[in-house]
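Peer 1: Each chain is listed here by its residues.
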Amino acid sequence: MMTSKTLAKIDPAVLIAFGCIVLLLGIGSIAKPGFLSAAYLVQQLQTASFLGIIASGVMLVMLMGQIDLSIPWVIAMGGMMATGAEGILGHTLGQPLAIPFGICCGLLAGLVNGVGVAYLRAPSMIFTLGMNAVAQGLMVWHTGGFAPQDAATPLMVALASGHLIPDVPNPLLIWIVLGGVIVWMLTRSRLGRQIYAIGNKERAVFLSGVDSRKVTVLVFAISGACAAAGGVLLSGWASRSYQAMGDPYLLPTIAAIVLGGTNVLGGRGSYLGTIAGVILITLLQSILSVLQPQDYFAQLGVKLPDDVFRQVVFGLVIIVMMMLYGRERVIR
Amino acid sequence: MTVAQDPAMKRPKRGSWRYWFAAQRGVLVAVAIFAVMFAVYGAAQPIGMSADVVNTAVNKGALLALVAMAQTLPVLTGGLDLSVGMTFMLANCLASAVVSGSPGMTALGIVIVLVAGLLCGLVNGLIVVYGRLQPLIATLATSAIYFGIALAVRPTPGGDINGAFADWMTRSTYAVPSSAVLLLAAVVLVWLPYRNSVLGRSIYAVGSSPQAAYASGVNIARAKLSAYTLAGLFAALGGLLLTCITYSGEARAALGNDYTLNSIAAVVIGGTSLFGGFGSAIGSIFGAFVMRTVGDLLIVFNINPVLQPLFVGVVLLFAVSLGSLRLLRIRNKLDLYR
Amino acid sequence: MSERAPGPLLRVEGVSKHYGGVRALEDVQFACRAGSIHALLGENGAGKSTFIKILSGVVQPDTGKIELGGRPMAFATPGEASAAGVSCIFQELSLLPDLSVADNICITAPPRRFGLIDKAGQRRLASEMLARIGGEDIHPDAPVGELPLSRQQMVEIAKALARNPKVLILDEATSALTAGDVAKVFALLKRLREEGMAIIYISHRMNEIAELADDCTVFRNGRYIETFRAGTKTDNEIVEMMIGREYSSAFPPLGDTMRAGSPALSVKNLSWAGELKDITLSVSPGEVVGLGGLDGQGQRQFLLALFGALIGVGGEIEIAGKPVKIGSPKQAKSPELGLALIPEDRKNEGLMLPMTVRENLSFAALDTVSRFGRVDRAKENELIDEIVRRLAIKADGVDGPVAALSGGNQQKVVIGKWLMTRPRIVLLNDPTRGIDVGTKQEIYQLLRQLAAEGTAILFYSTDYDELIGCCDRVAVFYDGTITRMLQGAELTEHNLVGAALNIGTPATEQKEAAL
Amino acid sequence: PSVVKGPGADPGCFTPQSASTKFFQWKAHKAPFRIALVNGFIANDWRVQMIRVAKAYVAQPSVAKEIKEFKVVSVGQDIAAQIAAANNFIDQGFDAIIVDANSSAAFKGVVRKANAKGVVVVSFDNVIDSPDQISVNVNQEGLGEMAAKFLLKEAPKTGDLTFLHVRGPAGQPVDIARNTGFHKVLGASGRKVKVVDVIGNWAPGDAQKATADAIAAGGVFQGIYVQGGSQGTAQAMLDAGKFKAPISGETENAFREICDKAKLTCQSGGTGPAQSAVAIKTAIAALEGKVIPQEIALPTAVDYSPFTDGKTVFPNLPGSFFAGNNFPSCNIGFSASEIAAQTAKNN
Ligand SMILES: Nc1ncnc2c1ncn2[C@@H]1O[C@H](COP(=O)(O)OP(=O)(O)OP(=O)(O)O)[C@@H](O)[C@H]1O
Ligand SMILES: Nc1ncnc2c1ncn2[C@@H]1O[C@H](COP(=O)(O)OP(=O)(O)OP(=O)(O)O)[C@@H](O)[C@H]1O
Ligand SMILES: [Mg+2]
Ligand SMILES: [Mg+2]
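Residue numbers (this note's numbering), protein chains in the order written: chain C, 1 to 332; chain D, 333 to 670; chain W, 671 to 1185; chain R, 1186 to 1532.
Some hints could be false.
[To be verified] Simulated restraints on C-beta separations: (1) Ala-367/D with Gly-19/C: 53 to 59 Å; (2) Asp-1055/W with Ala-1425/R: 39 to 45 Å; (3) Gly-495/D with Lys-1377/R: 28 to 34 Å.
[Claimed, not checked] Here are the simulated SDA-like pairs of lysine to any residue, each with C-alpha atoms no more than 20 Å apart in a straight line: (4) Lys-1496/R with Thr-1450/R; (5) Lys-1298/R with Val-1188/R; (6) Lys-665/D with Ser-941/W; (7) Lys-214/C with Gly-1043/W; (8) Lys-789/W with Lys-665/D; (9) Lys-1190/R with Asp-1317/R; (10) Lys-903/W with Asp-885/W; (11) Lys-1049/W with Pro-1005/W; (12) Lys-1298/R with Gln-1277/R; (13) Lys-1379/R with Val-302/C; (14) Lys-992/W with Pro-1005/W; (15) Lys-1000/W with Asp-667/D; (16) Lys-1064/W with Tyr-689/W; (17) Lys-665/D with Ser-998/W; (18) Lys-789/W with Ala-354/D; (19) Lys-1446/R with Leu-155/C; (20) Lys-1446/R with Gln-149/C; (21) Lys-665/D with Lys-1000/W; (22) Lys-789/W with Ser-529/D; (23) Lys-32/C with Thr-1347/R; (24) Lys-1256/R with Leu-629/D; (25) Lys-992/W with Gly-1043/W; (26) Lys-789/W with Leu-521/D; (27) Lys-735/W with Ala-701/W; (28) Lys-1253/R with His-1214/R; (29) Lys-1448/R with Gln-1479/R; (30) Lys-1379/R with Gln-294/C; (31) Lys-1298/R with Lys-665/D; (32) Lys-947/W with Arg-663/D.
[As the list claims (entries may be wrong)] Computed footprint of chain C on chain D; a stretch qualifies when at least three of its residues, placed anywhere within it, have a C-beta under 8 Å from a C-beta of chain C: (33) 447-459; (34) 464-475; (35) 480-492; (36) 589-601; (37) 654-666.
Think of the hints as simulated: they come from the structure by calculation, not from any bench. Glycine included, each C-beta is placed from N, C-alpha and C at the ideal position.
Just chain C, with the same shape it has in the complex:
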């Protein structure tokens, strides 16, 4: 049972998840020597932090038993608005306010999601899907209509690929800080209790005189802001923002959170698990891309597109890992 005691006694599922990480690294290092190099691990942690920051918000949403499918284009929105801020706010404001502006746009999108889910009582799974389409529409309009500037500001670049502490990429620092805040929020704060409670029985929450709808809106807003922040960092990393930059993040985000032991129906899950899930997914994707699996099969005379093996192995590994620790109780 994942509740406020999460950190006190770590759930075995999370431990197994971390075990899987070690296992993956082991396999990787056997297959390819360069694998356990510090360079590679740091590299993985850096890319993991982008996913981690995005997943942080979505995880809160899933704890409430909701889901946020709007992240792909909210990510893009965050990035493109931050880089385009100059064009929109003018040079004097645009330069310094680029990052806050980008994040605020995401926050706004999240806010609309929240209102739709909490006050219009629309199912989050589809309302956020609609929001995703709207965000996409806005971004296409933005690029198509205004030939916007898409270069990241120096600050964004620094945040995304600089090193405040030697050898520790800044995104990782940001993720650590954000993670710390969220862990505190989930375990020590009133909001955290209310999030878990809503995920368990919103009806009881309402009758306990807690305005669950405000909490819902707030959490969706946080999710939007996290996604946008991820977008800002991503465009800082590529030193550019671009259309569809968020598309590769939807499914990995959900997979990471669920692999981390968060219950899709809400009410149960720990941030520690999400961290594990994020690292798992990142490693898995990277290993599958680096380890050229097709070569092995080619030796066996099976000549097929590389992606065949990447996809199949990806799917199988997820199933196996979930079998190890992600099983639900039998109904009795």
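Use these hints to put chains D, W and R with the ligands onto chain C, whose structure you have.
Peer 2: Leaving out everything else, chains D, W and R with the ligands in the frame of chain C:
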């Protein structure tokens, strides 16, 4: 003891319309939205509602409709199937390889495709039921696998299908599109019998309350297995129709995911509850047509290309929010927190 | 009383069941004859539900054997059990809210045509079953989820009967029923007994046992204590056998009612959506006012209206003399108003079952135990300890899931959660449903205590005895309004039933009674 | 259309793909024409720019007078929707349909229907593989060969080589064609070259991630061929800071800027989104009854670092801007600023 001798027995009640409407409200709303949209489309269409226009629209809509029907079943059990899109695509790739040649071979090919679909669904079901994984992650994983297989079957777009069969599936006779007939058949021959069988009802039971269903002696495993397997079949039907429309097969991840996500939207617009236990595949069909008609509106209202995605998004959000009108009737706030 | 059946129809021996560390049942034996009603008695957590869950195949015993009609049985699933003729009415209802009444009643073996469900036949069968148990008012096409709890329980009974069982088990099946329904059900049970059915009956209501049972078996802490013929022991003896300690009369003495000063809560012409019709009522501090009447006459809606859960409530509400508008539970629990509502359905409205006892207890009072959104653990702990002590909540530590508590203790948690907000007006919605005598008594005492401390209490119950036992006044509801106010000497079962059925009370005295 | 003898009209612009390419002639429709551009997915920078150019081109006076109605519709990823849209335009009696296909194989039916009604079908970018319509081809295989030649030229002359190939979405004909061309040349070179494939999906982010991983995992490459999202790959190589290999990439403005800034040896080749203009020009020519080759080979614009400001790289324009919008032979030339400016007011 037989009930017949019971003194307290009175003559049985008739089914009352009130409850029928309550049960069908989701479907009816979807039908209404669709009717309005399609009327607008027809009116704005320069050449009016010619048989060709209708046929084109139905062919397009039928694909998503079938995938949405597939999505409906797992959703009714309180689950979700993120692999319907990829199953749909796998069937498409497979069909482009095996559904050709003599009528006999073609028929055999069709059977192969449908069986493949059933298998995909069955695998999902087995993982969910006996692997006891949350459907969302289980099907997320299998969708990756099915895409991989589809890619293996069809590394590059192409392939072919029995032309006569394909034409016959996509033509419209006496202004009745064959694809519409296919949908009707899927409903009358598969959905309705299933829904009115003990097995079909048991998926509603499971979705409504797993514990209660178990305590009532409902076979939960069989219910879920049947739901996911049948979903595979519907998705494969869709893939088959797609092959008839495109005369080819293609494995493109974006396409599969597009269909998966849209199918969920269609199911919801069709009035099925994502918590399970309430809804119908028929609603999903209209939900799908609503989704697709939005695209048609783009064409008839000459909308600025860079504004088109925004238009689609806004209409979708609007359609979703329509459901909130029911809030106006609510007097007891507890009804909000089911 | 029919002595036809020679040997026992159902015999159980040496059955044990453990849940992890928890011992649910330890080497219990049991036997019941065809054509008899066998009462199973015990505290909350005594093992009754577990026992019948074993009989009906929901859980499998660790050890022990079950014989039905002399043949050994082992039920892997409820399906098998009901096929073998054992069907059960579960305490936690086993109904499917989204399905129609008819679907529920015929869930496993509906009448068929061409292999498909025969809707008409099913509807007919359902109506017959409902008619037999006196639930004609229930429409077979209605979704079960929309029925009030009492109707649902009737459906549950019909559902069990539809399987023509040899052995019928009722686990607290009447806990939510109204006096009227109970009478009908009892008549039916007696008829079934005559027809030779073996009936196992679990209830916490002594009077029901006395009326129905031929034999009684008592469990305590998962152990078999004793089986005896009904009527050979007094209630107190039985209760002591159950709780294993000295036991005195059920209801604590009433406090000195009707304190001076302005009423804590007064309602004028309150009405809502045609279901509540100008209700006028006032409660003084320290007074316990019961809400009586048949089930579903608007009592629940009345409490919800006071708690701000209903939209479009008309009329005036005054709290401590000040007129107020109560827009939401959040507002209702605010210190200015100081209301608390103990809801009827603890599993869905009272608790977050998977969360810990701690989190549930402090949830309503989080604002008071947290500063700047941070939960003050120290403060929280001391408040929780106080409550746990005061309510004697039995749980190993407050950091286990509340789901692991017995229903009785779960109920205490719900009450404790609201006491932590230090309410001045407490609204209770049938709080003792499915609670054993021991726990009930503790709750009565608590109510009197609160009253003594000056809390105003509105107390809705489906159990007339407890209305009579611990209320100063009882407002009887009929068709959404208060038709009579009973107090003092006129507060008798006879009057309650009379008023509930709204017979023989001239309109004049209603009004002044209400004021 | 009737198959006729070559040579076709304006061979400078409408260059036959090969000697064996057949020629088409439609009976002239009467101007002005109704033309529809049926696009699939729009939400990426290349497509957005492609559509801008199309509108810009149609807005040019000389072209405008030829055209009564020009409709653009983007239907998203769904292939059936694109087919439906095309059919719809045919039913509405448009004279020509221009398609950037979601799926190259899927339009057999559409083409058949169009030809039955004498409607001209022109496909470009992701072309329709059907011999009964006009394909405006970028020589994708040629691009792959070009990349291989460049990398071989720039790589060390001796010893074994390892190249990194950042590929496009799996199963896309363009990706496969380029890959074939790439390996054809490498195979013929006689050098021992190991090629590491990673998937970059033609998107900067994916390309960057894939490249970063490949390098971080100990990969050392003497040359990199990135099909799209080139700036991402270049960025990743610079961030890693292990080596500076020559890169052959697409024509993204950002890529060229990075190459100059970091003094990389770069080849930047491809065919800009302006090919939509060529497609329109082709359609018009066909509608006028001119003789047109069935497969038209577009010239591929290639530039090498260092790039020249304002001509081959445009610091004041978005990095997502695709250079190489000039087809002099078709006297189609869009100065980058034209495109930006034009669309700003147009949309
Ligand atoms: N799901 C469970 N998990 C663990 N232990 C359980 C579970 N259900 C019951 N128990 C154990 O079995 C004991 C008896 O439970 P049971 O429900 O039979 O009590 P009961 O006699 O039905 O009480 P009540 O009169 O309130 O219904 C409990 O004290 C508990 O320790
Ligand atoms: N999930 C669980 N884990 C551990 N123990 C449990 C669990 N569920 C129930 N119990 C045990 O079951 C006992 C109560 O069983 P049950 O849930 O039937 O309630 P109950 O005793 O029947 O009370 P009531 O009649 O009020 O529902 C409790 O003492 C509790 O220890
Ligand atoms: Mg019990
Ligand atoms: Mg119980």
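Peer 1: Indicate, hint by hint, whether the structure satisfies it.
Peer 2: Checked hints:
1. Ala-367/D with Gly-19/C: 53 to 59 Å: holds (56 Å)
2. Asp-1055/W with Ala-1425/R: 39 to 45 Å: violated (58 Å)
3. Gly-495/D with Lys-1377/R: 28 to 34 Å: Since Gly-495/D and Lys-1377/R have Cβ atoms about 47 Å apart, the given range 28 to 34 Å is violated.
4. Lys-1496/R with Thr-1450/R: This hinted pair holds, its Cα atoms lying about 18 Å apart.
5. Lys-1298/R with Val-1188/R: Holds, at roughly 17 Å.
6. Lys-665/D with Ser-941/W: With Cα atoms ~16 Å apart, Lys-665/D and Ser-941/W stay inside 20 Å; holds.
7. Lys-214/C with Gly-1043/W: Holds, at about 14 Å.
8. Lys-789/W with Lys-665/D: violated (34 Å)
9. Lys-1190/R with Asp-1317/R: Distance ~16 Å between Lys-1190/R and Asp-1317/R Cα, so the pair holds.
10. Lys-903/W with Asp-885/W: The hint holds at about 11 Å.
11. Lys-1049/W with Pro-1005/W: Holds: Lys-1049/W and Pro-1005/W sit about 18 Å apart, inside 20 Å.
12. Lys-1298/R with Gln-1277/R: holds (13 Å)
13. Lys-1379/R with Val-302/C: Given pair Lys-1379/R, Val-302/C holds - Cα atoms ~19 Å apart, limit 20 Å.
14. Lys-992/W with Pro-1005/W: holds (14 Å)
15. Lys-1000/W with Asp-667/D: holds (17 Å)
16. Lys-1064/W with Tyr-689/W: Status holds; Cα separation ~17 Å.
17. Lys-665/D with Ser-998/W: holds (9 Å)
18. Lys-789/W with Ala-354/D: Measuring from Cα to Cα gives roughly 17 Å; hence the hint holds.
19. Lys-1446/R with Leu-155/C: Cα-Cα ~19 Å, so holds.
20. Lys-1446/R with Gln-149/C: Holds, because 18 Å separates the two Cα atoms, which is no more than 20 Å.
21. Lys-665/D with Lys-1000/W: holds (13 Å)
22. Lys-789/W with Ser-529/D: Judged against 20 Å, a Cα distance of about 11 Å means the pair holds.
23. Lys-32/C with Thr-1347/R: holds (16 Å)
24. Lys-1256/R with Leu-629/D: Since the Cα atoms of Lys-1256/R and Leu-629/D sit roughly 13 Å apart, the hinted pair holds (cutoff 20 Å).
25. Lys-992/W with Gly-1043/W: violated (31 Å)
26. Lys-789/W with Leu-521/D: It holds: about 18 Å lies between the C-alpha atoms, which stays within 20 Å.
27. Lys-735/W with Ala-701/W: Given that 20 Å is the threshold and the Cα spacing comes to 12 Å, the pair holds.
28. Lys-1253/R with His-1214/R: Holds, at about 12 Å.
29. Lys-1448/R with Gln-1479/R: violated (42 Å)
30. Lys-1379/R with Gln-294/C: Distance of about 14 Å is within 20 Å: holds.
31. Lys-1298/R with Lys-665/D: Distance of about 57 Å is beyond 20 Å: violated.
32. Lys-947/W with Arg-663/D: holds (15 Å)
33. 447-459: violated (count 1)
34. 464-475: holds (count 10)
35. 480-492: This one holds; 5 residues, not fewer than the three required, reach chain C with a Cβ under 8 Å.
36. 589-601: holds (count 6)
37. 654-666: holds (count 5)
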